[in-house]
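For the sequence shown, counting from 1, position 1 maps to 1 in my numbering; every step adds exactly one.
It is possible that part of the hints are untrue.
Label-pair restraints from in silico Cβ distances [claimed, not checked]:
1. Gly311 x Leu163: 48 to 56 Å
2. Gly186 x Leu310: 39 to 47 Å
3. Gly158 x Val52: 24 to 32 Å
4. Arg170 x Leu143: 20 to 28 Å
5. His115 x Leu162: 19 to 27 Å
6. Ala226 x Arg351: 18 to 26 Å
7. Gly311 x Gly228: 55 to 63 Å
8. Thr208 x Ala125: 23 to 31 Å
9. Ile67 x Leu310: 43 to 51 Å
For the record, the hints were derived by calculation from the structure and aren't laboratory data.
Ideal Cβ positions, reconstructed from N, Cα and C, are used throughout, including at glycine.
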Amino acid sequence: MSARAGGQPPVVVAADAQSPASATAGRSWRERLRPYARNGGLALTLAIVLGVVGFFRPQYLSRDNLIVVALQVSFVGMAAIGTAYLIISGSIDLSIGSLFALVGVSSAMLARSLHPAAAMALGVALGGAVGWINGALAWRIKLSPLIITLASMSIIRGVVLLLTDGYAVRGVPREFAALGQARVCGVPSPVWMFLLLAAVAHVVLSRTTVGQHLLALGGNQAACEAVGIRVRRLRWGAFTANGLVVGVAGVLAASRFGSANPSFGTGMELDVITAVILGGVAFTGGEGNIPGVVLAVTLLGIINSGIVALGIDADYAEVVKGAALLGAVSLDQFSHEARDRFRTMLAIRERG
Numbered sequence: 001m002s003a004r005a006g007g008q009p010p011v012v013v014a015a016d017a018q019s020p021a022s023a024t025a026g027r028s029w030r031e032r033l034r035p036y037a038r039n040g041g042l043a044l045t046l047a048i049v050l051g052v053v054g055f056f057r058p059q060y061l062s063r064d065n066l067i068v069v070a071l072q073v074s075f076v077g078m079a080a081i082g083t084a085y086l087i088i089s090g091s092i093d094l095s096i097g098s099l100f101a102l103v104g105v106s107s108a109m110l111a112r113s114l115h116p117a118a119a120m121a122l123g124v125a126l127g128g129a130v131g132w133i134n135g136a137l138a139w140r141i142k143l144s145p146l147i148i149t150l151a152s153m154s155i156i157r158g159v160v161l162l163l164t165d166g167y168a169v170r171g172v173p174r175e176f177a178a179l180g181q182a183r184v185c186g187v188p189s190p191v192w193m194f195l196l197l198a199a200v201a202h203v204v205l206s207r208t209t210v211g212q213h214l215l216a217l218g219g220n221q222a223a224c225e226a227v228g229i230r231v232r233r234l235r236w237g238a239f240t241a242n243g244l245v246v247g248v249a250g251v252l253a254a255s256r257f258g259s260a261n262p263s264f265g266t267g268m269e270l271d272v273i274t275a276v277i278l279g280g281v282a283f284t285g286g287e288g289n290i291p292g293v294v295l296a297v298t299l300l301g302i303i304n305s306g307i308v309a310l311g312i313d314a315d316y317a318e319v320v321k322g323a324a325l326l327g328a329v330s331l332d333q334f335s336h337e338a339r340d341r342f343r344t345m346l347a348i349r350e351r352g
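Using the sequences and the hints given, assemble the complete structure.
The following block contains the structure:
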């Protein structure tokens, strides 16, 4: 993915070399709230969809059913958090579904011969290692991350099939399944992990120098290099963090289900990228927020499960996801073009 030349105001990039506080000090409250502008619409849409499904199927709004929906959302949501960081920084990873499967089957296989905690730790580490390798290839080979991760998606899926011969990995110890099947206040542990990761990611992105540098990198890489930001380390870190987060999701999925299927994560890429873009992350990088991603993931999960609850052909969910992705990318492109035209008009008026 290429960086957008005018995606981030120069003052933000320059200030990033100092601190996040100085980066936002000179901006108005409207500018600071602009990345969250789409969240209100997402929240309203989510409420409307819940209301419609609940009206026709009142049992859908029961506590038990909503917990099931939240559990389904949590795995895609964890992967979406890592992908949001990547896209914000101007990169992308199409191998997340395959990596999700690799971590799941690997940790389940390891759990049959190692201590469950060691198997989980190695599974997460495997995710981080693959993310690190993707980042290294993207930097060293100088190819588009889109091409590199498209290739790694196929390679990793092939490795999964070779490891499993196409069969699910079963017979994992009860201790391995305990973490994923645990509940806190009646809510499954993967849901809590998703919320915890989202909270940490939001704080890092919005309150730390690293977060401001990621936004600046996606907006204008050349400017980041000019002010001394370590672009290579930052981009490598984003890929590694994405792999670690997908690793956590894959381990928890294998633990939750007490087995791991080689088909884990099939089609996850579309779900994750749709949620990230719909959540307000600019596809060209340099802009985005984690609360929007959480809302978008939840909205898509409600739509998917709501379609099933209403007895509608589940294939329509794919149509909705595709339309949502197309609409979100189109809206993102239109908003940036309109903003650039507005800035150009202001510059011309100031010169005149």
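Status of the hints after comparison with the structure:
1. Gly311 x Leu163: 48 to 56 Å: Roughly 38 Å apart at Cβ, these two residues miss the hinted range, so it is violated.
2. Gly186 x Leu310: 39 to 47 Å: 26 Å, violated
3. Gly158 x Val52: 24 to 32 Å: Roughly 42 Å apart at Cβ, these two residues miss the hinted range, so it is violated.
4. Arg170 x Leu143: 20 to 28 Å: 39 Å, violated
5. His115 x Leu162: 19 to 27 Å: Holds - the Cβ-Cβ distance for His115 and Leu162, about 25 Å, lies within 19 to 27 Å.
6. Ala226 x Arg351: 18 to 26 Å: Because 25 Å falls inside the window, the suggested range holds.
7. Gly311 x Gly228: 55 to 63 Å: Cβ of Gly311 to Cβ of Gly228: about 59 Å, so the range 55 to 63 Å holds.
8. Thr208 x Ala125: 23 to 31 Å: 24 Å, holds
9. Ile67 x Leu310: 43 to 51 Å: Violated, since Ile67 and Leu310 (Cβ atoms, about 20 Å apart) do not stay within the stated range.
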